[in-house]
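Visitor: Please model the complete structure; the sequences and the hints are all you need to start from.
Which chain is which? The protein sequence lines are L and A, in order. Counting from 1, position 124 in the first sequence corresponds to residue 132 in the numbering used here; the numbering is continuous, with no gaps. Counting from 1, position 113 in the second sequence corresponds to residue 102 in the numbering used here; the numbering is continuous, with no gaps.
Calculated from the structure, these hints are not laboratory results. Misleading hints may appear alongside valid ones.
Stated by the list, open to error - When the alpha-carbon atoms are kept at most 30 Å apart in a straight line, the in silico DSSO-like pairs for lysine-lysine are as follows:
no.: 1; chain 1: L; residue 1: K328; chain 2: L; residue 2: K206
no.: 2; chain 1: L; residue 1: K27; chain 2: A; residue 2: K122
no.: 3; chain 1: L; residue 1: K26; chain 2: A; residue 2: K96
no.: 4; chain 1: A; residue 1: K48; chain 2: A; residue 2: K96
no.: 5; chain 1: A; residue 1: K96; chain 2: L; residue 2: K27
no.: 6; chain 1: A; residue 1: K96; chain 2: A; residue 2: K174
no.: 7; chain 1: A; residue 1: K191; chain 2: A; residue 2: K174
no.: 8; chain 1: A; residue 1: K122; chain 2: L; residue 2: K206
no.: 9; chain 1: L; residue 1: K234; chain 2: A; residue 2: K191
no.: 10; chain 1: A; residue 1: K96; chain 2: A; residue 2: K122
no.: 11; chain 1: L; residue 1: K26; chain 2: L; residue 2: K234
no.: 12; chain 1: A; residue 1: K96; chain 2: L; residue 2: K234
no.: 13; chain 1: L; residue 1: K139; chain 2: L; residue 2: K328
no.: 14; chain 1: A; residue 1: K58; chain 2: L; residue 2: K234
no.: 15; chain 1: L; residue 1: K26; chain 2: L; residue 2: K206
no.: 16; chain 1: L; residue 1: K183; chain 2: L; residue 2: K303
no.: 17; chain 1: A; residue 1: K191; chain 2: A; residue 2: K16
no.: 18; chain 1: L; residue 1: K139; chain 2: L; residue 2: K206
no.: 19; chain 1: L; residue 1: K27; chain 2: L; residue 2: K15
no.: 20; chain 1: L; residue 1: K234; chain 2: L; residue 2: K27
no.: 21; chain 1: L; residue 1: K27; chain 2: L; residue 2: K183
no.: 22; chain 1: A; residue 1: K48; chain 2: A; residue 2: K16
no.: 23; chain 1: L; residue 1: K15; chain 2: A; residue 2: K96
no.: 24; chain 1: L; residue 1: K328; chain 2: A; residue 2: K122
no.: 25; chain 1: A; residue 1: K96; chain 2: L; residue 2: K139
no.: 26; chain 1: L; residue 1: K15; chain 2: A; residue 2: K122
no.: 27; chain 1: A; residue 1: K58; chain 2: A; residue 2: K96
no.: 28; chain 1: A; residue 1: K122; chain 2: A; residue 2: K174
no.: 29; chain 1: L; residue 1: K139; chain 2: A; residue 2: K58
no.: 30; chain 1: L; residue 1: K206; chain 2: A; residue 2: K48
no.: 31; chain 1: L; residue 1: K15; chain 2: L; residue 2: K26
What the hints assert, rightly or not - Derived DEER-like restraints, expressed as beta-carbon distance ranges:
no.: 32; chain 1: L; residue 1: F129; chain 2: A; residue 2: G159; range: 42 to 50 Å
no.: 33; chain 1: A; residue 1: Y227; chain 2: L; residue 2: V203; range: 56 to 64 Å
no.: 34; chain 1: A; residue 1: N124; chain 2: L; residue 2: K303; range: 37 to 45 Å
no.: 35; chain 1: L; residue 1: I12; chain 2: A; residue 2: I125; range: 54 to 62 Å
no.: 36; chain 1: L; residue 1: L334; chain 2: A; residue 2: I125; range: 22 to 30 Å
no.: 37; chain 1: L; residue 1: V10; chain 2: A; residue 2: A163; range: 48 to 56 Å
no.: 38; chain 1: L; residue 1: E13; chain 2: A; residue 2: H180; range: 31 to 39 Å
no.: 39; chain 1: A; residue 1: S12; chain 2: L; residue 2: V20; range: 48 to 56 Å
This one's a predicted model, so the numbers in the text were calculated from it and none came from an experiment. Every residue, glycine too, gets a C-beta built ideally from N, C-alpha and C.
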Amino acid sequence: MVRIEHKRALMVFRFGDKKFEWPIETRYWRNPILGIGLLALLPIVFSGRPDALSLIATANIYACIAIPLAWQMTGIGRLNFGPQAFVGIGGFIAALASVHFGWGPWATLPFAILGGLFFGFIFSPLTNIAKGLYFSLITLIIPLIFLEITYYFSIFKGETGLYGIAPLVNVSSIKAEYIITGYMALIMMVIFLFVVVKVFDSRIGLYSAAINDDEEVANNLGLNIKRWKIISFVITSTMVAVAGWFAAHYFGTFSGVTYLQLPFMLKILLMVMIGGRGDVYGAVYGAYFVVILEKALTVVGLAHYILFPLILLILLFALKEGIYGLYRMHRYREYYPTIRVRKR
Amino acid sequence: MSLLTIENVTKRFGGLTAVDNVSMEIKEGEIVGLIGPNGAGKTTLMNLIAGTFNPEEGKIVFDGHDITKLEPFQVCRRGVSRTYQIPRPFPDMTALMNVGVGVLCGKKRPNMSLVDGMLDASHCLEFVGLFGKRNILARDLSLFELRALELARALATTPRLILIDEVMAGLNQAEGRVAIRLIEKIIEEFHVTILWIEHVMKIIMEATQRVVVLHYGEIISSGLPGEIANDPQVIEAYLGEKIA
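Guide: Here it is in structure tokens:
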């Protein structure tokens, strides 16, 4: 039997020994809901422009990579320079299964998840063995090795990549397909956002914050840091692999040249850093900002190859706390779960 | 009954022997002072007990269990907590969350909710007089407040043995007196055993029941504070030999 209690700003649901709390004060959920609502309007507003719809979906896919990366950077206390390796793992599993066996997106999804879990687990000891710059360098090399593998083995089709991957939806109208897949990308991004926000607001968020601040002290306080770093790495890597799966089925093609090279990785890292340095909402701002900026700069022709990184570099120096930091300057909130305790 | 037994423990860093064949016992409820000149190996010994370092030789037994090769988190969960010579808070977390980590991780409490953990943490902060600062980021606390926070964090893990590393360092006299009163209050209320490294001799002589003196990684003297103060070996270690 579920018992429901109303406690100040919380609704408390009790089921036996289990307790679930839901904040009912609007300030906890108003702004995220407004933001997601605004993003949900975009596919309708731009329904007549396939290029804009594709841009929105791309921003959501990038956000799906940047959001888990924001958790990973906190949860393992290290900067992963090669998250695109897992985009490649998820994407290639989906592409190979779809092209060679004719599987649809829902059949390839479990395998992409399993691939993410498996390789995440294989590489997870790095979070405990390598520190700082060494971890970043090793993770930088992994996708580059993967890229070489895609050149070496013909099954990956080298620079051309795999094409003819089954689409996410099969509808007769191209416009409807763009709108539906745009919303699918948005839903995936919202699910990722919800999961990571909930994780950050839980005791796992507290553990991640402690590991990020000082893992030796956290260990001395009874936190099994090795275990939690592995958990954080495996889960976030799997989420990135799912984003790779989505990209493969969304675009219909998948090649190592697009996803495993340094420019792609830099774009993702810049999204995280410009968005808000490890902040989960900031990753969404960052993803939309970088994708829209890249598209907008194409009007200047070839000069955009110089202007795009130049503007990002300036922003990186000018906005030390990222775009989300501008918002937090006026309405300060800590990164990690903030619980106010009143004196009894 | 012996709570902590250190048997012939040796720790080397390359060619340097930081702790050399040290053996000592601490009984339940005792307050033991650990003194020695700079570089004597006091903090290294503390790190060995806490599991931060593993000794090359010897054995450390806590409450009848061999903890020599255990990880620091396992040692903590068995009931050993510590403070640091230079405070090491989680700087980007509030005081409450700093202590909350100790509450939720110090013992296996899988069913404790985050809110309940924070309530327990708030009691620890109230005990050390930091309740008013609970929502302040640790990086914004003063040195004295950081020392109190470290004690609260150590208490949060529900320890049986607290390793205190130079709690007086950098504090003025008034703050020092408050810190001493706080440690006395912890001993009275929680009946914990304490191994206390300190450079301020007056405090060690007044507050501890027994003193162990380390010099170049070896124990050169051990006994009641009054005896230690008059031990020629200890005086020589601190002041050096007479020239003439």
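Visitor: Next step is simple, just say for each hint if it's right about the structure.
Guide: Structure-based check of each hint:
no.	hint	in the structure
1	L/K328 / L/K206	26 Å, holds
2	L/K27 / A/K122	28 Å, holds
3	L/K26 / A/K96	20 Å, holds
4	A/K48 / A/K96	24 Å, holds
5	A/K96 / L/K27	20 Å, holds
6	A/K96 / A/K174	23 Å, holds
7	A/K191 / A/K174	19 Å, holds
8	A/K122 / L/K206	26 Å, holds
9	L/K234 / A/K191	42 Å, violated
10	A/K96 / A/K122	25 Å, holds
11	L/K26 / L/K234	28 Å, holds
12	A/K96 / L/K234	17 Å, holds
13	L/K139 / L/K328	23 Å, holds
14	A/K58 / L/K234	16 Å, holds
15	L/K26 / L/K206	17 Å, holds
16	L/K183 / L/K303	21 Å, holds
17	A/K191 / A/K16	23 Å, holds
18	L/K139 / L/K206	27 Å, holds
19	L/K27 / L/K15	13 Å, holds
20	L/K234 / L/K27	28 Å, holds
21	L/K27 / L/K183	45 Å, violated
22	A/K48 / A/K16	17 Å, holds
23	L/K15 / A/K96	28 Å, holds
24	L/K328 / A/K122	27 Å, holds
25	A/K96 / L/K139	27 Å, holds
26	L/K15 / A/K122	24 Å, holds
27	A/K58 / A/K96	19 Å, holds
28	A/K122 / A/K174	20 Å, holds
29	L/K139 / A/K58	22 Å, holds
30	L/K206 / A/K48	44 Å, violated
31	L/K15 / L/K26	16 Å, holds
32	L/F129 / A/G159: 42 to 50 Å	45 Å, holds
33	A/Y227 / L/V203: 56 to 64 Å	59 Å, holds
34	A/N124 / L/K303: 37 to 45 Å	42 Å, holds
35	L/I12 / A/I125: 54 to 62 Å	34 Å, violated
36	L/L334 / A/I125: 22 to 30 Å	23 Å, holds
37	L/V10 / A/A163: 48 to 56 Å	54 Å, holds
38	L/E13 / A/H180: 31 to 39 Å	37 Å, holds
39	A/S12 / L/V20: 48 to 56 Å	54 Å, holds
Checked against the numbered hints above, the structure violates hints 9, 21, 30 and 35; every other hint is satisfied.
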